[in-house]
Amino acid sequence: MTFFKKFFYGFICASLSLTTLGIQPAYAASLTVNSADDTVGNDSACTLREAITNANNDDQSGSTDCAAGSGADVITFAANYTITLGSQLPAVTSQITITGNGAANTIVQANAAPNVATYRVFEVSATGNLTLDGLTVRHGRCNGSCATNSNSGGGILNIGGTVTVTDSALSGNSANSGGGIYNNNNGTVAVTNSALSGNIAGYGGGIYSDNYSTVTVANSTISGNSATASSGGGIFNYYQSTLTVTNSTLSGNSTTYRGGGIYNAFTGTATVTNSTLSGNSADNFGGGIYNNVGTLNYSNTIIANSAGGDCINGGTIGANANNLVEDGSCSASLSGDPNLGPLQDNGGPTQTHALLTGSAAIDAGDATTCAAPPVNNLDQRGVTRPQGAGCDIGSYELDASFPTVVSTSLVPSYTTGPSNFTVTYSENVYDPAGDSNPDDVTNPVNYIVAEDGANSAFDTASCAGGLAGDDTQLAITGVTYNAALYTATVTLSVPAPDGTYRLFVCGTTSIVDPAMNELNNGLSDYTFNFIVGNAPPSTNNEVGTTASSLPKTGFAPDKVTALPAQPAELTYARMGDIWLEIPSQKIKSNIVGVPQNEDDTWSVDWLGDDTGWLNGTAFPTWNGNSVLTAHVTNANGLPGPFADLKSLKYGDQIIVHLYGQQYIYEVRASPVPTPPTTPSNPCPTAPT
1 MTFFKKFFYG FICASLSLTT LGIQPAYAAS LTVNSADDTV GNDSACTLRE AITNANNDDQ
61 SGSTDCAAGS GADVITFAAN YTITLGSQLP AVTSQITITG NGAANTIVQA NAAPNVATYR
121 VFEVSATGNL TLDGLTVRHG RCNGSCATNS NSGGGILNIG GTVTVTDSAL SGNSANSGGG
181 IYNNNNGTVA VTNSALSGNI AGYGGGIYSD NYSTVTVANS TISGNSATAS SGGGIFNYYQ
241 STLTVTNSTL SGNSTTYRGG GIYNAFTGTA TVTNSTLSGN SADNFGGGIY NNVGTLNYSN
301 TIIANSAGGD CINGGTIGAN ANNLVEDGSC SASLSGDPNL GPLQDNGGPT QTHALLTGSA
361 AIDAGDATTC AAPPVNNLDQ RGVTRPQGAG CDIGSYELDA SFPTVVSTSL VPSYTTGPSN
421 FTVTYSENVY DPAGDSNPDD VTNPVNYIVA EDGANSAFDT ASCAGGLAGD DTQLAITGVT
481 YNAALYTATV TLSVPAPDGT YRLFVCGTTS IVDPAMNELN NGLSDYTFNF IVGNAPPSTN
541 NEVGTTASSL PKTGFAPDKV TALPAQPAEL TYARMGDIWL EIPSQKIKSN IVGVPQNEDD
601 TWSVDWLGDD TGWLNGTAFP TWNGNSVLTA HVTNANGLPG PFADLKSLKY GDQIIVHLYG
661 QQYIYEVRAS PVPTPPTTPS NPCPTAPT
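The numbering of the sequence shown is the numbering used here, which starts it at 1 and goes up by one.
Derived by calculation from the structure, the hints in this document are not laboratory data.
Pairs of lysine-lysine residues, derived as DSSO-like cross-links and limited to a Cα-Cα distance of at most 30 angstroms, are as follows: (1) LYS588 - LYS646; (2) LYS586 - LYS649; (3) LYS588 - LYS649; (4) LYS646 - LYS586; (5) LYS559 - LYS586; (6) LYS559 - LYS588; (7) LYS646 - LYS559.
Across the chosen pairs, the derived CB separations fall in these ranges: (8) SER584 - ASN376: 43 to 49 angstroms; (9) VAL445 - ALA568: 24 to 30 angstroms; (10) ASN186 - GLY71: 21 to 27 angstroms.
From a predicted model like this one, the values you see are computed outputs, not experimental measurements.
Glycine is no exception: its CB is placed at the ideal position from the N, C-alpha and C atoms.
Construct the entire structure; sequences and hints are all you get.
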């Protein structure tokens, strides 16, 4: 307490001193654009043009329709708009953040079509600091026609200022230099979680940076841009300028001269880390990268599928660790085809090239580089590195594992119902901006808290089937997510009243990880039952188990049983790399998912030599009762995988192999349930 008092007194003294000196705080203003028009006038419509003018001048000189600017201003949009400009927007001369409703929903364009306008979209002066978050900038054009810097920066012109582009897109812009972005005179540009595509320039189709300037590109994709007169289809970095590219993809960029992906020249420094350059082309040299009298540092990077050579070095190569360059150029440690998939949505905010099975890039990255900033053991999509024995080279980390629910803060019984609860996942899950994406961990529809009805039974079987019977649902008002803890907090509209409830965390319909692997591999939901007050338990209140009987398995020995074709609705789910091993029985059998029928039974006739997991019981390796079944005698009359299962004895191991990991159980008891009656607890002593 004494320390706190001293600190607080010192803070007050400092505040008094600042006030005495006449230093006053500058408070930010919030301005809301409520029109897609591009007009100026007192007509009750606050346009983007008017809002920028007010923010620049810290007043209402643009229009009284918008709030007055004040300090570091934030401009938002009342609805989803496509704003078509009649001329360039006012140059940004102060600190302004423009926050859209997502790149697909907030579009600022110079014209409805590319290569038509005679002006750019945004300009930032030396005193300006512009942040663009969640919008699209497109169809600006400066080919000698723009009022300032007439040939430069079709989308954004930055002369000595600061530009930050986040969760946004720049497309279809053109200029003689810097089709998407032109950065010069000690300017600073940072591009994160964004896409630059289809921009055209003579130099630097996507980005042009020159004269002691700085560009940082992270978790972004630069694709399909072109330099038609000289160099740098994707990025042009020149004269004492610094370029840093991390966890990003440069794909399908082209130039008529040098450096289809990146052109780094004349004392420029380019540092490329955990990035993938694929399918870029140069008519002269260096389809991927051309380093000309500059310094190239690159680590954990793929350069492949280039036309004009993958990498040409006419300068200095500094850092050079664990790179895979298909043609072996630029002193790469690995060469050969990296076996990449096409540029597509592989999860995350931007498109990537996936590593396909057998790629030499898998587990071949430098661990220190992956762990250190700015990679921070994440890939471009936000997938945790490493997923295997080592981190992968390139912007994409191969993730074949699916997320599961590790725990919930709910408990089986309450006197007073909870108003919120947490759900903790086994890994990071998908959390895009907003909460409306169908796969979003913060979308409330991905959680169901069902209460049983008058029949005292849960009729709701899954998220895929939706609320059923006389079950009712508690309203969920919001979900927040802590990515560091992999934990979602679900808030109910009111504390749960007395009743019997089942929580569904949706795996059959929705929640995925950043690599788009579905919760529980899409085969089942996570469920948890709880009671509030003195409510009677549901008649099917066992967690994860709703069937009343085990299926009959096996056929008559020494006799062939003819089986009909397996109905499509009874098709077993192939769950990937999951299989059962019982060493004492010499059993090794793939595990498949057996769907649960509408009458809460299963059909296992077509298992053959596979082992079936009965969907509706706990997923193998999870807490709860999990039922795995196989034939004692197959339909051909010969012994099946479980022919001698009755001989299992105390201490025998049962191993579930799941995506490279082993879950080892030991027999503690061996009860033999007799169909059609299922014991109330099929596993009275939990294996260890």
